[in-house]
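Given next are the chains, with one letter for each unit.
Number of protein chains: 2
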Amino acid sequence: MRKTIDTREAILERAVDLASTDGLEGLTIGRLAGELEMSKSGLFGHFGSKEDLQIATIERAGRRFIGRVVEPAYRSTPEGAERLRALVNGYIDHMAEDIFPGGCFWAAASAEFDGRPGPVRDAVKDAMAAWLAELERQAEAAGADDPKQLAFELHALAAGANQRYQLFGDPEAFEHARRGIERLLG
Amino acid sequence: MRKTIDTREAILERAVDLASTDGLEGLTIGRLAGELEMSKSGLFGHFGSKEDLQIATIERAGRRFIGRVVEPAYRSTPEGAERLRALVNGYIDHMAEDIFPGGCFWAAASAEFDGRPGPVRDAVKDAMAAWLAELERQAEAAGADDPKQLAFELHALAAGANQRYQLFGDPEAFEHARRGIERLLG
DNA sequence: CCTACCGATCGGTAGG
DNA sequence: CCTACCGATCGGTAGG
Numbered sequence: 003m004r005k006t007i008d009t010r011e012a013i014l015e016r017a018v019d020l021a022s023t024d025g026l027e028g029l030t031i032g033r034l035a036g037e038l039e040m041s042k043s044g045l046f047g048h049f050g051s052k053e054d055l056q057i058a059t060i061e062r063a064g065r066r067f068i069g070r071v072v073e074p075a076y077r078s079t080p081e082g083a084e085r086l087r088a089l090v091n092g093y094i095d096h097m098a099e100d101i102f103p104g105g106c107f108w109a110a111a112s113a114e115f116d117g118r119p120g121p122v123r124d125a126v127k128d129a130m131a132a133w134l135a136e137l138e139r140q141a142e143a144a145g146a147d148d149p150k151q152l153a154f155e156l157h158a159l160a161a162g163a164n165q166r167y168q169l170f171g172d173p174e175a176f177e178h179a180r181r182g183i184e185r186l187l188g
Numbered sequence: 003m004r005k006t007i008d009t010r011e012a013i014l015e016r017a018v019d020l021a022s023t024d025g026l027e028g029l030t031i032g033r034l035a036g037e038l039e040m041s042k043s044g045l046f047g048h049f050g051s052k053e054d055l056q057i058a059t060i061e062r063a064g065r066r067f068i069g070r071v072v073e074p075a076y077r078s079t080p081e082g083a084e085r086l087r088a089l090v091n092g093y094i095d096h097m098a099e100d101i102f103p104g105g106c107f108w109a110a111a112s113a114e115f116d117g118r119p120g121p122v123r124d125a126v127k128d129a130m131a132a133w134l135a136e137l138e139r140q141a142e143a144a145g146a147d148d149p150k151q152l153a154f155e156l157h158a159l160a161a162g163a164n165q166r167y168q169l170f171g172d173p174e175a176f177e178h179a180r181r182g183i184e185r186l187l188g
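Protein chains in written order, with the numbering used here: chain A, 3 to 188; chain B, 3 to 188.
Keep in mind that the hints were calculated from the coordinates and are not lab data. None of these values were measured; they are calculated from a predicted model. Mixed in with the good hints, there may be bad ones.
The list cannot tell twin chains apart, which means a pair is met if one copy fits it or any two copies do.
Unchecked claim - Think about it this way: if two alpha-carbon atoms lie no more than 25 Å apart in a straight line, the pair counts; the simulated SDA-like pairs of lysine to any residue are:
#, residue 1, residue 2
1, Lys150, Phe170
2, Lys127, Arg181
3, Lys127, Glu177
4, Lys42, Ala132
5, Lys42, Gly188
6, Lys52, Asp147
7, Lys127, Asp19
8, Lys150, Gly171
9, Lys127, Thr23
10, Lys127, Glu73
11, Lys127, Gly171
12, Lys150, Glu99
13, Lys150, Ala131
14, Lys150, Glu81
15, Lys127, Asp172
16, Lys127, Pro173
17, Lys42, Arg70
18, Lys150, Glu136
19, Lys52, Gly117
20, Lys150, Asp95
21, Lys52, Leu20
22, Lys5, Pro119
23, Lys52, Arg33
24, Lys42, Glu27
25, Lys150, Asp172
Construct all of the structure, not just a fragment, from the sequences and the given hints.
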């Protein structure tokens, strides 16, 4: 039992990385099995379908993001302006550190599935909605005039930095984003 | 000759739409041929490889964007602040009008290929670079303090609106983007 | 522009 | 968790 769970976790860790570079559709059972040196059917048995694997991968990416960005911000800052800044800067830091190879998992998954209705798209949507709601909550606690507007702009700057950095390999992207964030928050 | 060119153009028009929803990798020769009611090899003959088809599709999407966004802005406004506003608002309008089904072609293509070096990625990069350079040029003509920073933020707001609108189907995304743009330009 | 193929890979199943 | 398969589809080719 233990080992089965461990194997499943190991599969999903690799799956998140593979999906970050090649997309959730490019995440094929055969390639994933090959990289983990197990048979296709052995891997397949941990999931009921490719769709289930994709959804489990999205959930796993969500836990990684929470562990690396959200929890540190909660531990180090009080609710409000400070936590809002820590969340957005943490998001940017984790892009700059290439924690998801191939760029932000969420930007990729969102662009890939936004036009394809179904449970995979819904899983991406739920994760993004939770992140935006968290930003709005902290913006409200910070006493922002328009918390939704602020959350939108902060996320747009971070997502814009990811797109620019991934495409041009230009670390200046992060500087631009940070400057915009400081102008909004400071 | 004429007809060969027309056929090629028709193929690429469908290809841009298909790639907008299913990605440049999901753009398969078989599906495209099926939708156009021609044989795979008949379609394939217009291109030398799938990669060539992808690059030709990117170029075609670029011409569509220029025709629908850039040229109207040039015709209706003088260089500088007015043209900058017209370009960014035109970009947002063309997202809201669903000119690319499945969301902005560029956001999708960029996220899909940013982690895969090669000529396809380079074609996406060149198109995005030309767009950002155009924004920077108009920002400079408008007398902005930091034209690169302004261009980055304007594009980020527009791209953020696309992501949000495509994922949540929420037209408020465009209002948020327009509000941010007015604050930056006004 | 077509028919008729090729080897490789896809998601998924049978049976152990 | 495996081997051994299935039908479908992939990009691409031969030959006309």
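Tested hints:
{"no.": "1", "hint": "Lys150 - Phe170", "verdict": "between (30 Å within a copy, 14 Å between copies)"}
{"no.": "2", "hint": "Lys127 - Arg181", "verdict": "between (28 Å within a copy, 24 Å between copies)"}
{"no.": "3", "hint": "Lys127 - Glu177", "verdict": "between (28 Å within a copy, 20 Å between copies)"}
{"no.": "4", "hint": "Lys42 - Ala132", "verdict": "neither (33 Å within a copy, 44 Å between copies)"}
{"no.": "5", "hint": "Lys42 - Gly188", "verdict": "neither (52 Å within a copy, 58 Å between copies)"}
{"no.": "6", "hint": "Lys52 - Asp147", "verdict": "neither (44 Å within a copy, 51 Å between copies)"}
{"no.": "7", "hint": "Lys127 - Asp19", "verdict": "both (19 Å within a copy, 23 Å between copies)"}
{"no.": "8", "hint": "Lys150 - Gly171", "verdict": "between (30 Å within a copy, 16 Å between copies)"}
{"no.": "9", "hint": "Lys127 - Thr23", "verdict": "both (20 Å within a copy, 17 Å between copies)"}
{"no.": "10", "hint": "Lys127 - Glu73", "verdict": "within (21 Å within a copy, 35 Å between copies)"}
{"no.": "11", "hint": "Lys127 - Gly171", "verdict": "between (27 Å within a copy, 11 Å between copies)"}
{"no.": "12", "hint": "Lys150 - Glu99", "verdict": "between (28 Å within a copy, 24 Å between copies)"}
{"no.": "13", "hint": "Lys150 - Ala131", "verdict": "within (12 Å within a copy, 30 Å between copies)"}
{"no.": "14", "hint": "Lys150 - Glu81", "verdict": "within (17 Å within a copy, 33 Å between copies)"}
{"no.": "15", "hint": "Lys127 - Asp172", "verdict": "between (28 Å within a copy, 12 Å between copies)"}
{"no.": "16", "hint": "Lys127 - Pro173", "verdict": "between (28 Å within a copy, 16 Å between copies)"}
{"no.": "17", "hint": "Lys42 - Arg70", "verdict": "neither (31 Å within a copy, 47 Å between copies)"}
{"no.": "18", "hint": "Lys150 - Glu136", "verdict": "within (11 Å within a copy, 30 Å between copies)"}
{"no.": "19", "hint": "Lys52 - Gly117", "verdict": "both (18 Å within a copy, 22 Å between copies)"}
{"no.": "20", "hint": "Lys150 - Asp95", "verdict": "both (23 Å within a copy, 21 Å between copies)"}
{"no.": "21", "hint": "Lys52 - Leu20", "verdict": "both (14 Å within a copy, 22 Å between copies)"}
{"no.": "22", "hint": "Lys5 - Pro119", "verdict": "neither (35 Å within a copy, 37 Å between copies)"}
{"no.": "23", "hint": "Lys52 - Arg33", "verdict": "both (13 Å within a copy, 21 Å between copies)"}
{"no.": "24", "hint": "Lys42 - Glu27", "verdict": "both (16 Å within a copy, 23 Å between copies)"}
{"no.": "25", "hint": "Lys150 - Asp172", "verdict": "between (29 Å within a copy, 13 Å between copies)"}
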